[in-house]
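Peer 1: Here are the chains, one letter per residue:
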Amino acid sequence: MTVIEAENVSKKYIIDHIKGNAKGNTLSEIVTDNFKNLFTKKDDNEVSHEDFWALKDVSFKIDQGDRIGIIGSNGAGKSTLLKVLSRITEPTHGKITIRGRVASLLEVGTGFHPELSGRENIFLNGAILGMKRQEIKQHFDAIVDFAGVEKFLDTPVKRYSSGMYVRLGFAISAHLEPEILIVDEVLAVGDAEFQRKCLGKMKDASTSGRTILFVSHNLTAVQGLCNKAMFMQKGQLVEMGETNHVLATYLSHVQKTALESWWLTPEEAPGNDKVRLKSIKLLPDFVDNQKHIDVRTPFKIQLEFWNMMDNANLNISLHLNSLTGECIFNIGTESKSFEKGIIYAECEIPADFLNDGSYSISFMVVKDTSTAIHNFEEALIFEIEDYREGTSWYGKWPGYVRPKIKFPIAQLELESIS
Amino acid sequence: MHETVIEAGRSEKYYWQDLWRFKELLFILAIRDITVKYKQTFVGVAWAIFRPVLTVAVFVFAFDKVAKIENKSDIPLQIIIFTGVIFWNFFAMSFQQVSNSITGNANLVSKVYFPRLLMPISSVAVPLLDFFVGFLVMIPFLIYKGYTPTLNILFVPFFLILSFFASFSLGVIFASLNVQFRDFQQIAPLIVQYGFFVCPIAYPIATIQELSWYPIYQWINPLAGIIEGFRWCLIPNYQYFQWDTIIPSVVFVTITTILSVIFFRKKENSFVDYI
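So the protein sequences, as listed, match chains A and B.
Take 2 as the starting number for the first sequence in this note's numbering and just add one per residue.
Take 375 as the starting number for the second sequence in this note's numbering and just add one per residue.
Hints listed in this document are in silico derivations from the structure and should not be mistaken for laboratory results.
Take these hints with a grain of salt, some might be off.
DSBU-like mimics (lysine-lysine), calculated; alpha carbons at most 30 Å apart, straight line [to be verified]: (1) A/Lys133 to B/Lys519; (2) A/Lys405 to A/Lys282; (3) A/Lys159 to B/Lys519; (4) B/Lys413 to A/Lys152; (5) A/Lys96 to B/Lys397; (6) A/Lys13 to B/Lys446; (7) A/Lys138 to B/Lys413; (8) A/Lys279 to A/Lys202; (9) B/Lys411 to A/Lys133; (10) A/Lys57 to A/Lys229; (11) B/Lys411 to A/Lys152; (12) A/Lys204 to A/Lys229; (13) A/Lys279 to A/Lys292; (14) B/Lys397 to B/Lys640; (15) A/Lys198 to A/Lys407; (16) A/Lys138 to A/Lys202; (17) B/Lys641 to A/Lys235; (18) A/Lys13 to A/Lys235; (19) A/Lys301 to A/Lys407; (20) B/Lys397 to A/Lys138; (21) B/Lys446 to A/Lys133; (22) A/Lys341 to A/Lys368; (23) A/Lys279 to A/Lys235; (24) A/Lys96 to B/Lys641; (25) B/Lys411 to A/Lys138; (26) B/Lys641 to A/Lys13; (27) B/Lys519 to A/Lys96; (28) B/Lys641 to A/Lys133; (29) B/Lys397 to A/Lys57; (30) B/Lys397 to A/Lys159; (31) B/Lys519 to B/Lys446; (32) A/Lys133 to B/Lys413; (33) A/Lys159 to B/Lys641; (34) B/Lys641 to B/Lys397; (35) A/Lys275 to A/Lys292; (36) B/Lys519 to B/Lys442; (37) B/Lys411 to A/Lys57; (38) A/Lys368 to A/Lys279; (39) B/Lys411 to B/Lys397.
The task is simple: from the sequences and hints, build the whole structure.
Peer 2: As structure tokens, this is what we get:
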């Protein structure tokens with residue numbers, strides 16, 4: 002039986018751009034700009050509107066009991082699709098028919114109030130997710146037990162550790178019993194032990210005939226949990242079908258599009274009138290016939306940029322960030338004197354260093370070791386695939402780095418323990 | 375099986391039904407607001423007593439003792455101010471709470487679906503509680519002053535409902551506009567501040583009743599009628615209120631309530647895109 006049917010669903014956002022150089026960041030600049038805007042007529046202000054289609058003609062059918070993994074790079078429209086399906090925002094065009102009670106988990110602990118105790122928040126969050134008071138009461142002990150917060154039930158959640166907070170949030174949602182469950186990235190949080198618990202809980206839910214839609218960047222989890230997958234790109238549904246097949250398409254797409262970008266002339270390149278990006282490349286050193294970068298693959302990052310300043314003392318500061326924006330490391334080149342022209346830099350990232358996941362590279366051109374000339378944000382986005390040997394666990398490997406550090410284990414002596 | 379159809383601009387058939395289905399959430403949000411308000415305070419709900427009492431004391435000092443407002447009615451200014459402030463606090467607080475109800479619950483708006491009208495409705499819980507507490511403090515004061523309320527007191531709910539809808543309708547319009555233009559967050563406190571002086575809160579209506587423009591005032595300030603009605607319920611032999619003066623208020627409140635709910639329903643689907 003078809004439980005969700007989407008026909009040509011589109012969602013448009015309108016983005017405003019303000020042209021010209023009136024975009025200061027200091028307080029005085031903001032104040033003067035705002036005053037200028039106050040006194041100039043609307044049409045003098047060069048504000049242009051751009052239509053942005055977060056979803057474009059997406060159509061699909063989902064049968065009862067299907068576990069669908071939705072994958073795609075950032076900005077592909079996955080979260081927008083979930084928001085439309087959970088009625089948080091309405092589509093610009095198109096129609097969706099849903100048969101059954103939907104519960105959506107776009108966040109762990111939605112609506113938690115920091116001042117309220119764990120107990121009060123269980124009822125608050127439960128009600129927000131659509132549970133009846135009676136249902137919450139019935140599951141109360143199980144929720145507390147699952148989250149492991151018995152001792153802190155009457156403590157305001159603002160005093161909870163972030164781990165406890167997340168556990169409590171997930172525990173409540175895990176006891177929802179909707180016919181259709183929509184989940185966004187909730188597994189990206191918590192420690193390995195907890196993630197294993199969550200995956201287990203979601204498996205249970207799926208075996209009881211519930212339909213699950215699950216957005217994740219953790220391809221291993223999608224593979225382990227979902228029987229079908231949807232691959233989205235730029236607001237469109239590229240492929241939907243059997244999980245492994247869709248994952249393969251996805252991987253070939255991601256790595257083809259993201260590993261290098263270059264510009265032919267300075268005019269069109271990003272940057273400012275002092276420096277402009279010419280190219281940024283990521284060159285993996287594949288062994289055998291590997292097609293994707295995984296945790297075993299060493300790679301090089303190569304940068305080229307146009308320098309329009311004479312006799313400038315420059316260095317580069319490179320940031321490697323996780324997709325959530327946390328900096329994993331920051332490295333800098335030495336500072337050298339350069340003339341106008343093209344400047345090249347290269348660094349090598351060793352094998353068995355970064356964990357699997359999506360990363361972005363940003364770099365800054367710095368003058369005289371103190372002034373940032375330009376910050377090229379998210380100049381390159383890439384993914385590192387998982388590769389495991391000798392383990393049968395498929396949950397997300399925790400951490401940002403996955404170094405191969407020798408960790409011998411041995412039996413010291415034989416002793417009979419009674 | 376429950377079937378939901380999602381389409382652009384579709385006026386949700388089940389909206390009011392949904393609102394009813396989510397009544398438990400309404401209740402829980404209300405409880406949340408009340409609990410949070412007095413969390414980590416030493417005297418807790420007693421603040422609901424202190425606040426109006428102190429406000430009244432200050433106003434009596436300022437208007438009666440210092441400014442010596444001309445009192446053309448036969449009722450002591452203290453009584454006029456006490457009844458006025460209790461009413462005004464309810465109106466002003468619910469208006470402000472309702473105005474901020476959507477932006478204040480932004481985390482819910484962007485993460486979960488429920489009829490958005492729940493937020494403004496539930497946000498009236500705190501002012502309502504404060505009103506009841508203030509009311510219970512006021513009654514002994516009236517009796518002590520020799521103005522024991524008559525059976526007219528039974529009409530209090532009528533005027534309370536009227537002022538609820540007055541603040542709610544205005545607040546709901548502000549709440550919907552506030553999502554896109556935070557200017558309204560700046561305007562709301564001003565309205566409350568000026569309204570206090572424009573409405574007969576700290577002075578008796580008798581003072582302005584003789585003025586030539588009073589008939590117009592009565593029509594453009596629907597709150598004045600409600601306030602006077604409220605005083606009529608509490609003060610025995612209150613002669614400054616006639617039932618026909620409440621008609622403009624009832625008409626006004628009915629129209630704005632209907633319009634504001636229509637406006638809110640038109641806007642609510644796009645809240646998440648602007649919040």
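Peer 1: Hint by hint, note whether the structure agrees.
Peer 2: Evaluated hints:
1. A/Lys133 to B/Lys519: At roughly 49 Å apart (the allowed maximum being 30 Å), B/Lys519 and A/Lys133 break the hint.
2. A/Lys405 to A/Lys282: Holds - the C-alpha atoms of A/Lys282 and A/Lys405 are around 26 Å apart, at most 30 Å.
3. A/Lys159 to B/Lys519: Violated: A/Lys159 and B/Lys519 sit about 47 Å apart, past 30 Å.
4. B/Lys413 to A/Lys152: holds, 20 Å
5. A/Lys96 to B/Lys397: Roughly 28 Å between the alpha carbons, so the hint for A/Lys96 and B/Lys397 holds.
6. A/Lys13 to B/Lys446: violated, 62 Å
7. A/Lys138 to B/Lys413: holds, 24 Å
8. A/Lys279 to A/Lys202: violated, 49 Å
9. B/Lys411 to A/Lys133: holds, 25 Å
10. A/Lys57 to A/Lys229: holds, 21 Å
11. B/Lys411 to A/Lys152: holds, 25 Å
12. A/Lys204 to A/Lys229: Holds, because 14 Å separates the two Cα atoms, which is no more than 30 Å.
13. A/Lys279 to A/Lys292: holds, 26 Å
14. B/Lys397 to B/Lys640: holds, 22 Å
15. A/Lys198 to A/Lys407: holds, 28 Å
16. A/Lys138 to A/Lys202: Distance ~20 Å between A/Lys138 and A/Lys202 Cα, so the pair holds.
17. B/Lys641 to A/Lys235: holds, 27 Å
18. A/Lys13 to A/Lys235: holds, 12 Å
19. A/Lys301 to A/Lys407: Distance of about 25 Å is within 30 Å: holds.
20. B/Lys397 to A/Lys138: holds, 17 Å
21. B/Lys446 to A/Lys133: Given that 30 Å is the threshold and the Cα spacing comes to 56 Å, the pair is violated.
22. A/Lys341 to A/Lys368: holds, 14 Å
23. A/Lys279 to A/Lys235: Judged against 30 Å, a Cα distance of about 25 Å means the pair holds.
24. A/Lys96 to B/Lys641: holds, 20 Å
25. B/Lys411 to A/Lys138: holds, 25 Å
26. B/Lys641 to A/Lys13: Roughly 16 Å between the alpha carbons, so the hint for B/Lys641 and A/Lys13 holds.
27. B/Lys519 to A/Lys96: Not OK: B/Lys519 and A/Lys96 at ~66 Å, beyond 30 Å, violated.
28. B/Lys641 to A/Lys133: holds, 28 Å
29. B/Lys397 to A/Lys57: Judged against 30 Å, a Cα distance of about 36 Å means the pair is violated.
30. B/Lys397 to A/Lys159: With a Cα-Cα distance of about 27 Å, the restraint between B/Lys397 and A/Lys159 holds, given a limit of 30 Å.
31. B/Lys519 to B/Lys446: Holds - the C-alpha atoms of B/Lys446 and B/Lys519 are around 19 Å apart, at most 30 Å.
32. A/Lys133 to B/Lys413: Distance of about 25 Å is within 30 Å: holds.
33. A/Lys159 to B/Lys641: violated, 33 Å
34. B/Lys641 to B/Lys397: Answer holds: B/Lys641 to B/Lys397 is near 22 Å, not above 30 Å.
35. A/Lys275 to A/Lys292: Between A/Lys275 and A/Lys292 the Cα gap is close to 38 Å, so the pair fails against 30 Å, i.e. violated.
36. B/Lys519 to B/Lys442: holds, 20 Å
37. B/Lys411 to A/Lys57: Violated. B/Lys411 to A/Lys57 sits at ~44 Å, over the 30 Å cutoff.
38. A/Lys368 to A/Lys279: Measuring from Cα to Cα gives roughly 18 Å; hence the hint holds.
39. B/Lys411 to B/Lys397: Answer holds: B/Lys411 to B/Lys397 is near 21 Å, not above 30 Å.
Taken one by one, the earlier hints fail for this structure at numbers 1, 3, 6, 8, 21, 27, 29, 33, 35 and 37, listed in ascending order.
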